[in-house]
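S.K.: Model the full structure from these sequences, guided by the hints.
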Amino acid sequence: MSALTLTLREQPGCSLDMSLLSPHRLAGLEKAAVGALPLSGGNRRQRLSDLFDISGEDAQELVIVNSSKRLLGIGTGMTSGTIRIEGDAGDHLGENMHGGFIEVTGNAGHWTGSGMREGMILIAGDCGDFAGGALPGNRHGMRGGTLLVRGNSGDRTGDHLRRGCILVEGNSGAFCGSRMVAGTIAVLGQVGPRAGFAMQRGTLLLSETPEQLPPTLNDCGEHELGFLSLLMDSFAALSTRFADSGNSKNRVRRYVGDLAVNGKGELLVWV
Amino acid sequence: MIVNGTTIDNTFAEAFGMKATRVVITALNHRWARHAAQAMTGFATSVIGCGVEAGIENELPAGETPDGRPGVSVLMFGMSGKALGKQLEKRVSQCVLTSPTSAVFAGMCGEKCINLGRNVRFFGDGYQISKLIDGHRCWRIPVMDGEFIAEESTAYCSAVGGGNFLVLAESTQQALIACEAAIDAMQDIPNVIMPFPGGVVRSGSKVGSIYKALPASTNQAFCPTLKGMTRSHVPDDVESVLEIVINGLTDDDIRRAIRTGVDAVCALGAGQGIKRVSAGNYGGKLGQFHFHLREIMA
Chain A
30 MSALTLTLRE
40 QPGCSLDMSL
50 LSPHRLAGLE
60 KAAVGALPLS
70 GGNRRQRLSD
80 LFDISGEDAQ
90 ELVIVNSSKR
100 LLGIGTGMTS
110 GTIRIEGDAG
120 DHLGENMHGG
130 FIEVTGNAGH
140 WTGSGMREGM
150 ILIAGDCGDF
160 AGGALPGNRH
170 GMRGGTLLVR
180 GNSGDRTGDH
190 LRRGCILVEG
200 NSGAFCGSRM
210 VAGTIAVLGQ
220 VGPRAGFAMQ
230 RGTLLLSETP
240 EQLPPTLNDC
250 GEHELGFLSL
260 LMDSFAALST
270 RFADSGNSKN
280 RVRRYVGDLA
290 VNGKGELLVW
300 V
Chain B
2 MIVNGTTIDN
12 TFAEAFGMKA
22 TRVVITALNH
32 RWARHAAQAM
42 TGFATSVIGC
52 GVEAGIENEL
62 PAGETPDGRP
72 GVSVLMFGMS
82 GKALGKQLEK
92 RVSQCVLTSP
102 TSAVFAGMCG
112 EKCINLGRNV
122 RFFGDGYQIS
132 KLIDGHRCWR
142 IPVMDGEFIA
152 EESTAYCSAV
162 GGGNFLVLAE
172 STQQALIACE
182 AAIDAMQDIP
192 NVIMPFPGGV
202 VRSGSKVGSI
212 YKALPASTNQ
222 AFCPTLKGMT
232 RSHVPDDVES
242 VLEIVINGLT
252 DDDIRRAIRT
262 GVDAVCALGA
272 GQGIKRVSAG
282 NYGGKLGQFH
292 FHLREIMA
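Chain order of the listed sequences is A and B. Under our numbering, think of the first position of the first sequence as 30, with each following residue one higher. Under our numbering, think of the first position of the second sequence as 2, with each following residue one higher.
The hints are simulated quantities; they were obtained by calculation from the structure and are not laboratory data. All residues carry an ideal CB built from backbone N, CA and C; glycine is no exception. Treat the hints loosely; a few may be bogus.
Sample of chain B residues at the chain A side, in silico, Cβ under 10 Å [said to hold, decoys possible]:
(1) T27
(2) F44
(3) E65
(4) G69
(5) R70
(6) P101
(7) T102
(8) C110
(9) R122
(10) F124
(11) G127
(12) I130
(13) S131
(14) L133
(15) I134
(16) G147
A few chain B residues that don't get close to chain A, going by computed Cβ distances all over 10 Å [stated by the list, open to error]:
(17) A104
(18) S159
(19) Q188
(20) D189
(21) G229
(22) H234
(23) Q273
M.R.: So this is what it looks like as structure tokens:
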């Protein structure tokens, strides 16, 4: 069976709710039934076939071609299978994802992977704000899985992160790892101001010391930390620059905090 | 059956079902990994008095351990998963946690698990950190030389304990030389340990005793000094009997170990004073596993 492929005919005039389009929801549906699925956009609903050309039948392997940042919530609640998004993806990509793999060849919007529990999201380009972060009113952001951003991520990356791993090969914006509860965020580029703000626990692993750290993150000095080799080995399978030997060393400067909230998180900077 | 002048008795070793686990201890170098492993497997010769039987399986090069450091693989055998788990936690907390630069990881996968670092983490007094890496939860416990890394749990499996063979020699020195040769040859075999000191035991036992409090006592049938007053299995020209006890993850592992060990003993042969090779059993009524020497050596 060939992959179920949805080709967007033209860029939509308004944002479309694509949260229905997850492999487990499409499993077993005939082509006509897939085409009849309703997509909400603005104040009206349209049939999927009104906007997309549909080909292929294997819903476990979903491909969205000519994708747009106006396609919101792709892969919401996904449990298995793969989604390949050729182009950009909108906000809420992979929200509450429970498994499977999402690949975006372009950029992704805000709240990517929010509430994600398992699986992996790979963004070839940049990612918006609150990547793996908590939605307003939610206590936790990502609760598992891996989010790999080959480009840059916006502000508040990993806000309220509870578990899982966010890897940013480029730069990350302000308040990276803010209010983290646990989990790991690693950034190869620079991070904006106030990284680790109000973090409770978890690990923020950086290749460069941020220009502006919260004053309530205290310096614990340089150390060899054995767990880093385990962590870096786990990244090796992801085909990421984190697996490069240059950053596989275990020696880091360790900052702990945020002491303003009695936090026991850590910000590690490779030395 | 006679091999190189040494008689292989037509008898069998009787072994029992046990539960086993494997852990991998790593450290800055092999020396310190061995220190931790030796401490952990000390006082672990017999479940009768030690609660667990344990030994070093082999040394692992840096490339074969979870954290890429030199390591040692340890096998531990108990009569139940619960007993095994209890001993494992005690030994990790007292012997591995305390050893400089050490870390401990699960050495086998499976559905049935026992705690490894799950409770040891509380030594961190709130400063311990959990990391879920590739589905394995590891605990980072701050200690005076940095951090002690302990995986949360390890699997255990059904295994076999009590495989054995006896070496009957003209003198104690000759018996010991033969046993040393056997242990040297058997040390390269995976999935087995010989839990007694140096792999050799001189106090072969039988079940029960004239003293009610004792579950086991000396096996007088193989005590040379009692030749004249018991139904002895020790011939006139034998002055010393030593035993090698083998625990393995499967009965095939034990068979392979017995074959290798007896081969090494027989290589010395009668010319070096090795008169007979026998095995310890309880009449075949107690243990599920029987290892017939002549079948194994055929």
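S.K.: Against this structure, judge whether each hint is valid.
M.R.: Verification of the supplied hints:
1. Given hint, T27 (chain B) at the interface with chain A, holds; its Cβ is 8 Å from that chain's nearest Cβ, closer than 10 Å.
2. Restraint check, F44 (chain B) versus chain A: the minimum CB separation of about 28 Å is more than 10 Å; hint violated.
3. Below 10 Å, beta-carbon pairs count as interface contacts, and E65 (chain B) has none with chain A, the closest being about 13 Å; its hint is therefore violated.
4. Look at G69 (chain B): its Cβ gets to within about 5 Å of chain A, closer than 10 Å, so that hint holds up.
5. Hint on R70 (chain B) holds. Least Cβ distance to chain A is approximately 8 Å, under the 10 Å limit.
6. The restraint placing P101 (chain B) at the interface with chain A is violated, with a minimum CB-CB distance near 12 Å, outside the 10 Å limit.
7. For T102 (chain B), the shortest C-beta to C-beta distance to chain A is roughly 8 Å, which falls under 10 Å, so the interface hint holds.
8. A hinted interface residue such as C110 (chain B) counts as satisfied when its beta carbon comes closer than 10 Å to some beta carbon of chain A; here the least separation is about 16 Å, so the hint is violated.
9. The interface hint given for R122 (chain B) is violated, since its Cβ lies 13 Å from the closest Cβ of chain A, which is over the 10 Å cut-off.
10. With a least beta-carbon distance of about 16 Å to chain A, the hint placing F124 (chain B) at the interface is violated under the 10 Å criterion.
11. With 10 Å as the threshold, the beta carbon of G127 (chain B) comes within range of chain A, its nearest partner Cβ sitting at about 8 Å, so the hint holds.
12. Nearest Cβ of chain A to the Cβ of I130 (chain B): about 7 Å, under the 10 Å cut. The hint holds.
13. Because the smallest distance between the Cβ of S131 (chain B) and any Cβ of chain A comes to about 7 Å, under 10 Å, the interface hint for this residue holds.
14. Residue-level restraint check for L133 (chain B) holds (minimum Cβ-Cβ distance to chain A is 6 Å; threshold 10 Å).
15. A least Cβ separation of about 5 Å between I134 (chain B) and chain A falls short of the 10 Å threshold, and the interface hint therefore holds.
16. Satisfaction of the interface hint for G147 (chain B) is found here, the shortest Cβ-Cβ separation to chain A being roughly 6 Å, below the 10 Å cut-off.
17. Listed as a non-interface residue, A104 (chain B) fails to keep its Cβ farther than 10 Å from every Cβ of chain A; the least gap is roughly 6 Å.
18. With 10 Å as the threshold on Cβ separation, the claim that S159 (chain B) sits away from chain A holds: the shortest Cβ distance comes to roughly 29 Å.
19. No Cβ of chain A approaches the Cβ of Q188 (chain B) within 10 Å, the least distance being about 28 Å, so the stated non-interface status holds.
20. Under the 10 Å C-beta cut-off, the non-interface status given to D189 (chain B) relative to chain A holds; the minimum distance is some 28 Å.
21. Every CB of chain A lies more than 10 Å from the CB of G229 (chain B), the least distance being 61 Å, so the non-interface label holds.
22. The claim that H234 (chain B) lies off the interface holds: its Cβ sits roughly 53 Å from the closest Cβ of chain A, which is beyond the 10 Å cut-off.
23. Even its closest Cβ contact with chain A, about 48 Å, leaves Q273 (chain B) beyond 10 Å, as expected for a residue assigned away from the interface.
Checked against the numbered hints above, the structure violates hints 2, 3, 6, 8, 9, 10, 17; every other hint is satisfied.
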